[in-house]
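Q: Chain by chain, the residues run as shown.
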Amino acid sequence: MLELLFTDYTIRTVALGAAILGCVSGALGTFAVLREQSLLGDAVSHAALPGIVLAYMLTSSKASIVLMLGAGVFGALATGLVLSVTSQTRIKFDTALGIALSVFFGFGLVLLTFMQKRPDANQAGLETFLFGQAAALVSSDVITMAVIGLCAMIVTAFFWKEFKIASFDPDFGKTLGLRMNFVQGVLMVLFVLAIVIGLEAVGVVLMSALLIGPAAAARQWTDRLSLMFVLAAIIGAASGVTGALISSTGSALPTGPIIVLCAGVFVAISLLFAPRRGLTWRWLREWRNGHRLRMEAVLLDLYALASQHERPDYPHEAAVLDLMAHPITGSARSLTALEDRGLVARVGETQWSLTQAGVARVDAIVADRFEGGAMHGGKSVAIRHDT
Amino acid sequence: MTPEQIEIQLVACAVAAACAMPGVFLILRKMAMMSDAISHAILPGIVLAFFAVGELHSPWLIAGAAVAGLATVVLVESISSTRLVKEDAAIGLVFPVLFSVGVLLIAKFAGDIHLDTDAVLTGELAFAPFDRLTIGGVDFGPKSLVTMLTIGFVNAVFIATFYKELKLATFDAGMAASLGFAPVVLHYVLMALVSITAVGAFDAVGSILVVAFMIGPPACGYLLTDRLSTMMLISVGFGLLSAISGYWVAHALDASIAGCMASAVGVLFLVTVAVAPGRGLLSVVRRQSRQRWAFAEKMLAIHLKQHEGLPEEARENRAAHLQEHLRWEAEFARSVVRRAVEDGFVEDDAGFLHLTKAGRVLASETVVDA
Amino acid sequence: MSDAGFAVDVRDVTVAYREKPVLWDIDLEVAPGVLMAVVGPNGAGKTTLIKAILGLIKPAAGEVLIHGRPYSQQRHRVAYVPQRGSVDWDFPTNVLDVVTMGLYGKLGWVRRPTKQHKAVALEALRKVNMEAFASRQISQLSGGQQQRVFLARALVQEADVYFMDEPFQGVDAVTERSIIELLRALRAEGKTVVVVHHDLQTVPEYFDSVLLLNVRRIASGPVEDVFTEENLRVTYGGRVGFVKFVRQQSGVDNA
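Going down the list, the sequences are from chains A, B and C. Numbering-wise (the working numbering), the first sequence opens with residue 1 and increments by one. Numbering-wise (the working numbering), the second sequence opens with residue 1001 and increments by one. Numbering-wise (the working numbering), the third sequence opens with residue 2001 and increments by one.
Derived by calculation from the structure, the hints in this document are not laboratory data. Careful: at least some of the hints might be erroneous.
Pairwise CB distance ranges, derived in the manner of DEER restraints [to be verified]:
| hint | chain 1 | residue 1 | chain 2 | residue 2 | range |
| --- | --- | --- | --- | --- | --- |
| 1 | A | Lys117 | B | Trp1248 | 14 to 22 Å |
| 2 | A | Ala63 | C | Lys2020 | 19 to 27 Å |
| 3 | B | Arg1286 | C | Trp2109 | 36 to 44 Å |
| 4 | A | Phe273 | C | Arg2111 | 32 to 40 Å |
| 5 | A | Ser140 | B | Gln1288 | 50 to 58 Å |
Residues of chain B placed beyond 12 Å of chain A at every Cβ, according to the derived structure [claimed, not checked]:
| hint | residue |
| --- | --- |
| 6 | Leu1084 |
| 7 | Tyr1222 |
| 8 | Leu1228 |
Even glycine gets a Cβ: it sits at the ideal position worked out from N, Cα and C.
Generate coordinates for the entire structure from the input sequences, incorporating the hints supplied.
A: Given below as structure tokens:
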């Protein structure tokens, strides 16, 4: 398949086109995700359907720029309606989104039935609009996308710090004298643009995933906005190319779902394995913490038992410690780990005792937990509760 | 009307009514977009169940869809509970991925059967009368009509039985939990109903119309009433209205039935937004223009009262001064003073304004109101 | 009456949401170099007043002068510390970057912050004892640390008048001490600070003057004159027992 990328002109065009679409939508999706407009993306992309169909019916042209214009006008119309209905009436944001997406889409279906009745059968199938067809991209489309995408990127670079503050704290930006309404307007235009550009690859139904997925994945790897933006672009492009190649090399599978699955895989990997934020790291931390706490608990149990005798190193049966420890995990593993650290020592077959270092560690733990050992009597009882 | 036309409308009405009932709770719980997510995400459940049983109208498909719908809810909730992504992003990610799995499974393994990806979204209501349920030679009507009536009946029974629990869990989940009403269980049962309704309906009308029927009519009801029971009735009524009117528009234009019904929902919603008594845009505008004067008179009264008897009174409480301090146009200020004098709130003593007794009452009432 | 002498001069400001009045005809004069608390019950319009002064909410009537001229001409002399909960602390950015945002106004369009700007931001972080956290991601801060970052962001603005919305809300004792020291340092430089405040007990200790607000202005002026049982009762409605308790706690009755 990869050879075709270098030898086959059509496939190269398609791959390049899908890369650009994924790159632009993924990158601009960053601001949508941070501004909590992910679902607005879903509504806008569904609302683009009547725009696309109408543009095609009016011009009989399948050129990207024409269809994008139609999609953009209807996307903006839906956004405006959603925002004004929520601000003027008691209708909530999510309700307005649901109505906009289903009603606009339904209207699009009506227009589609008209289009399909027209004699010039040179029509794209419904499926193309619904699920995307990167394979239909021709080089003039790719050039259009590249130019528009580049413009969007330049605008973003230009207004970078304004976009940042408009996403993080727009009220504060306003008090600085920055024209936040204007900046948010520009962001909204780019938002619609990001959706409109991605539509050709993944279609109206699944577009929200291409908008959200790359940004959500990128967020897990970095705490810097600039890096998140770049990573989202790369992940979007990678999803786009993979989807386009798989669908256009003979499998006859629709492009959109494959791109969305790729983006989904990126998100899953990021959520699970991204350093620091990833869930595996979190689980590992929790497991380590749990292990440490259980170890300390056993150590403190041993100390509590020993404190009933004259000597801190008075040995005790492992069975007694097991009884005191966590009912499932028991004390055996913790004891072995403590022995490795030289904090406890084995006495005979079944007994354990605190070492000198172990006693010192208990003092340190108690001091740490109770800020200078403010607790005296009933120390061991308090510790049991805490662990 | 031919029998087929009647049956198509009956199916659509059954779908609309069945969707409206759980839809009311969805929009009150601010979970409207879950209907979108669930109605898309049930697809892989249906497809996998179809692969397992090899039959398109088996009840197992509904079971598969319900499982997939609940899986969507659980997946969205567990992803957003990690707090690594926000809830809206989690919804927007989960359902396209699940829907994609469904579409690809169909494209790869079931390309030649009736499970058609377009139909998933748009439905084929026109074919509903041709797929009939016959048991022992007796014709019980279109299968989808029987299915939707059953589902609608289940929804109605559930909501009627647990009406006060649902109401309380929607209004105040914490209190419902403290009273032992298990809002979490109710939540998942409701989500299961949404899933079952979506799958029963999607074969007939497609997932988009499911979303339209679930959210649109209840949203109209929400604008028209404050009573939950009334809202439920209005939602069902508006659902039926948009189903029937949508059908006849589609019939007249020879266009997509599902599309026309969704559009009818949109038109009904827009009309409601415009004319809803009290909350619609028209009455807001009318009230605003009426209240503009009342509001200005109140402001005048309060302004006068605040400076009454204080050293600055002579300066503040002059007609000429209002223009500057209340930022009123000269013409507007004169009109307000004239109206206030006519209404007996203010006495104009050659430019120096006194509150009357009624004016003083008006001023203190307004501030207490606030 | 000469208005040029006031750092903040609010004249007849009225704010209404739809038809419901939130602030009625507020007059407020704050002299330069004053630490003023804005107190009142929930829903009294404290935050609304700050937002109306800063032009974030359009008032139905009235005007705001900062050092004798309309706010729109004096924006650069005003700094704002919003409520901590008003932003998403999981935003991908670090402490230094947030503080640098305070300089965006001076930078103007398109220009990027330079090394000098970062140095200014670092200096402000030092003032709030947060320089060690400069490259820390903001989601990893405690509530008190987040508040100090917001303060540093306001400090870099080098304003004359500071508006702070509940800076003591949910912060630890150490942060509370360091915030109040910072406020006093600002006052020593002749700056004016207006603080929305929740804790009535600390008003006499922390502030010179106070505005008692409940939709209307109940009273404003020096704490010893205005912070009386009678005024508090009017502000907080009939909760007299509560008011008495607060005054005993804060030691005003003994003074």
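Q: Each hint: holds or not?
A: Results of checking the hints against the structure:
1. Against the hinted window of 14 to 22 Å, the Cβ-Cβ separation of A/Lys117 and B/Trp1248 comes to about 19 Å, which satisfies the hint.
2. The hint said 19 to 27 Å for the Cβ distance between A/Ala63 and C/Lys2020, and at roughly 52 Å that hint is violated.
3. For B/Arg1286 and C/Trp2109, the hinted distance range of 36 to 44 Å is satisfied, since their beta carbons lie about 43 Å from each other.
4. Between A/Phe273 and C/Arg2111, the C-beta spacing of about 39 Å keeps the proposed range 32 to 40 Å intact.
5. Roughly 52 Å separates the CB atoms of A/Ser140 and B/Gln1288, a value that falls within the hinted 50 to 58 Å.
6. Residue placement check: B/Leu1084 does not keep its beta carbon more than 12 Å from all beta carbons of chain A (closest about 6 Å).
7. With a cut of 12 Å on Cβ distances, B/Tyr1222 falls inside the contact zone with chain A, its closest approach being about 7 Å.
8. Distance check for B/Leu1228 against chain A: the nearest CB is about 15 Å away, which clears 12 Å, and the non-interface claim stands.
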